[in-house]
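Keeping their order, the protein sequence lines are chains A and B. In terms of our numbering, the first sequence is residues 9 to 590. In terms of our numbering, the second sequence is residues 543 to 807.
Just so you know, these hints were derived from the structure itself, not from any lab. There could be a bad hint or two in this list.
[Said to hold, decoys possible] Label pairs and their computed distance ranges (CB to CB):
id: 1; chain 1: B; residue 1: Arg794; chain 2: A; residue 2: Pro117; range: 26 to 34 Å
id: 2; chain 1: A; residue 1: Glu419; chain 2: B; residue 2: Pro573; range: 28 to 36 Å
id: 3; chain 1: A; residue 1: Lys558; chain 2: B; residue 2: Asp782; range: 47 to 55 Å
id: 4; chain 1: B; residue 1: Lys678; chain 2: A; residue 2: Asn555; range: 38 to 46 Å
id: 5; chain 1: A; residue 1: Gly36; chain 2: B; residue 2: Lys678; range: 13 to 21 Å
id: 6; chain 1: B; residue 1: Pro661; chain 2: A; residue 2: Ile444; range: 21 to 29 Å
No residue lacks a Cβ here, since even glycine has one placed at the ideal position from N, Cα and C.
Single-letter residue listing:
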Amino acid sequence: MATHKANIIVVGGGLAGLAATMKIAEKGHHVDLFSVVPVKRSHSVCAQGGINAAKNLKGEGDSTWSHFDDTIFGGDFLANQAPVKRMCEAAPGIIDLLDRMGVQFNRTPEGLLDFRRFGGTLFHRTAFAGATTGQQLLYALDEQVRRHEAEGSVSKHEHWEFLSGVLDGNGACRGICAMDLRSMTVATFPADAVIMATGGIGAIFGKSTNSIACTGSAQSALYQQGACYANGEFIQVHPTAIPGEDKLRLMSESARGEGGRVWVYREGKPWYFLEEWYPKYGNLVPRDVATRAIHKVVFELGLGVEGQDAVYLDVTHLDRHTQDAKLGGILEIYEKFVGDDPRKVPMRVFPAMHYTMGGLWIDTERQATNIPGLFAAGECEYQYHGANRLGANSLVSCIFGGMLAGPAAVEYAHSLPQGAAATPSGVFEAEQKRQIEINDRLFHNLGRENPFVLWKEMGRTMTEHVTVSRDNAKLRGADAKLQELLERYRQVSLADQTRWANQTFFFTRQLFNMLQLARVVTLGALARDESRGAHYKPAFPERDDVNFLKTTKAHFAPDADEPRLSYEPVDTSLITPRARKY
Amino acid sequence: MSAATSHAPTPPLRGRSVRLRIKRQAAPDAPVRWEDFEVPYRPGMNVIVALLDIAERPVTTQGAPTSGVAYDANCLEEICGSCAMVINGRPRPACSTLIDKVLPDLNQPLVLEPLSKFPVVRDLAVNRERLFNDLKRVKAWIPIDGTYDLGAGPREGQATQEAAYPLSRCISCGNCLEVCPQYNEDTGFVGAAVISQVRLFNLHPTGALNAHERLEALTGPGGIQQCGFAQNCVKVCPKDIPLTDSIAIVGRQVLAHTVGRSVRG
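Please model the entire structure based on the sequences and the hints provided.
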């Protein structure tokens with residue numbers, strides 16, 4: 009079966025999923041692309057500030073090695089170094105490709121790409137399209153995939169939700185089971201290989217900067233089927249978001265990259281605490297550092313704006329052209345959702361859960377999970393950011409991972425002695441039956457628990473105890489709470505019993521998977537007695553390379569219905585770990 | 543179980559509340575009905591917050607248990623384009639529509655309806671597939687040779703970027719189509735959003751190479767000649783895209799294209 013036309017399933021239509029799809033379709037193979045929303049509405053659209061690549065167009069002597077070093081250092085040495093190095097080396101080519109696809113990047117007077125500064129680096133390394141870079145990148149890939157769709161090599165299944173992988177008798181992934189979010193039909197789809205690109209897990213924290221679709225439900229379902237989940241405890245809290253009742257809206261790091269300043273009043277005068285505490289990087293320290301500083305100012309020093317949980321993010325001193333041409337998109341968000349004009353009054357912001365560094369475990373070469381035939385790319389996997397992601401590295405990691413996973417999945421398909429067609433139909437029927445039974449059970453539940461109430465309680469617990477600052481007793485309490493919620497989940501009942509586009513039902517199904525994954529995050533944090541990147545334990549304030557320079561791997565233990573942790577060494581072959589001081 | 547036993551009757555709301563009147567439809571072929579709700583008012587709340595309140599406690603103002611209202615939503619920061627609906631008679635994104643702005647008088651109800659130009663899936667959720675299909679029809683992409691390394695893209699002046707960028711911010715929400723008198727199944731008109739994308743891709747140095755294909759697609763039925771110049775589109779675009787400029791510019795391009803075609807024979 010050397011080079012037959014492969015059929016690959018891609019789940020998720022954000023940057024990673026579309027990049028994988030494009031790579032596969034371009035080589036003449038077929039993709040079934042699944043997404044809970046029309047792919048153009050995926051969460052990648054929310055990325056604002058830009059995409060990193062060491063193009064060195066500002067005469068600063070930037071290099072891909074410097075990008076690599078900043079990324080490893082920013083991630084507190086927890087990321088495997090060889091894959092990160094390859095990503096940083098590929099980044100300039102990715103920018104060129106996006107440029108050729110028509111992304112409207114901002115330009116210099118000479119007509120070249122413009123670059124801005126971002127956190128955790130001293131170089132101008134971030135290419136950007138206004139302050140809506142994610143939107144522009146997503147659209148460029150969406151357009152390329154639409155072209156392949158028009159030519160017949162991509163079939164989209166939008167408004168379909170992934171329920172599980174279809175695993176054969178040898179534990180290999182032979183397709184997926186999914187549910188139509190309109191007819192609620194549960195069906196299986198065979199494939200030679202499956203690529204997961206399902207993004208982050210923000211909904212586990214109740215409110216976050218993530219989109220509604222970012223529940224982590226798909227990753228969790230696979231984890232419960234035997235996929236390994238790595239570094240779950242590493243959750244990035246972005247320092248500057250606009251508090252809101254329905255969501256915490258991101259206020260991009262690019263505001264600081266273009267000169268925005270963070271401050272509070274102290275003794276009646278503005279106090280620029282980041283600039284005072286971190287003179288070299290100032291407002292552009294990495295996100296974990298800025299977030300902890302803001303927490304200290306608000307909670308320890310009691311200096312939040314007007315006694316509230318907020319600090320000022322100030323761009324009022326920037327010139328009008330910078331405000332409009334480079335930051336327009338985000339200032340508009342603030343103005344629309346808060347009502348004040350940030351060109352004239354400082355914005356009020358506060359940290360919010362933002363990014364999932366951990367994710368499905370993959371190998372260092374091919375984006376392959378521990379389940380044969382199952383690959384992962386983008387925020388749903390763990391590979392490129394270590395203990396803390398640098399701003400503007402997410403877009404590049406999504407595209408890089410997707411462009412790697414696509415060809416790797418095709419290569420895997422060609423290595424199979426027999427294609428998906430050879431899988432006994434009983435394997436698919438059994439998985440479909442299992443999923444239909446889960447649905448039926450949920451519909452027939454007789455209980456008094458409201459799924460939205462359970463979700464709020466989970467979100468509150470996770471945000472309070474499993475984000476910025478972690479304490480072992482509180483983590484144990486959080487896990488007990490999660491177990492209580494899982495128990496109460498059995499008593500959940502649905503106010504809506506209809507079997508057509510029942511959004512309450514979909515949410516309730518996702519909620520179970522969220523709870524299971526929340527335990528992975530919490531127990532991973534409990535076991536890690538050190539402080540590294542975004543994981544901060546005041547009782548263990550130092551990084552402990554002797555005991556914890558290792559990747560956490562969570563395996564689901566079906567007998568105990570809970571995660572079991574093991575560890576594997578981190579590749580530090582290229583840069584010797586050094587103290588992380590900014 | 544029944545929904546009635548699992549969700550206790552509503553206690554009377556104290557303080558100010560927001561009254562909602564929502565057009566509902568259980569399925570595409572189900573009858574339309576209206577339901578009234580009341581949720582607590584909070585300053586700065588948007589329409590999504592009110593819908594979340596209802597989802598959590600789906601009981602009508604009359605105390606009748608019902609189901610949560612179905613609607614499309616994802617990013618909640620007006621960039622994914624999902625949550626467009628008709629709010630007090632005008633299409634708007636539910637996430638960025640603040641109650642304070644659209645409902646200064648809380649004695650008035652907030653009336654929510656699905657976009658009327660697309661088939662209803664359920665309640666406020668609609669099927670906007672046609673919009674994406676029309677993007678295919680006009681080849682709204684840059685036809686690159688391949689994704690392998692071919693070096694940098696074409697240079698572009700700042701002025702061109704500043705003209706193109708606003709066009710590239712279209713979120714495919716469908717607001718402009720909702721208010722377009724010509725956008726319906728009879729005309730097959732592609733509408734302002736899609737025409738504006740043609741302008742965007744024709745502006746790009748590589749995209750310009752096959753501008754004629756996009757323009758050709760706009761000459762036939764449902765093409766640009768269907769535009770009746772009502773100019774409603776530009777007024778409801780949440781991203782302030784200069785849609786009427788786009789229609790005028792692409793209109794001239796289409797004219798030049800058809801004249802050129804007839805001259806060439």
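Tested hints:
Here the CB-CB span from Arg794 of chain B to Pro117 of chain A is close to 29 Å, well matched to the stated 26 to 34 Å. As the Cβ distance of Glu419 of chain A to Pro573 of chain B is approximately 54 Å, the hint placing it in 28 to 36 Å is violated. Between Lys558 of chain A and Asp782 of chain B the CB atoms are about 51 Å apart, so this pair conforms to the stated range of 47 to 55 Å. Range check, Lys678 of chain B to Asn555 of chain A: Cβ separation about 55 Å, and the 38 to 46 Å hint is violated.
In this structure the hint that Gly36 of chain A and Lys678 of chain B lie 13 to 21 Å apart at CB holds, the actual value being about 20 Å. Distance hint for Pro661 of chain B and Ile444 of chain A: a CB-CB separation of about 27 Å, consistent with the stated range 21 to 29 Å.
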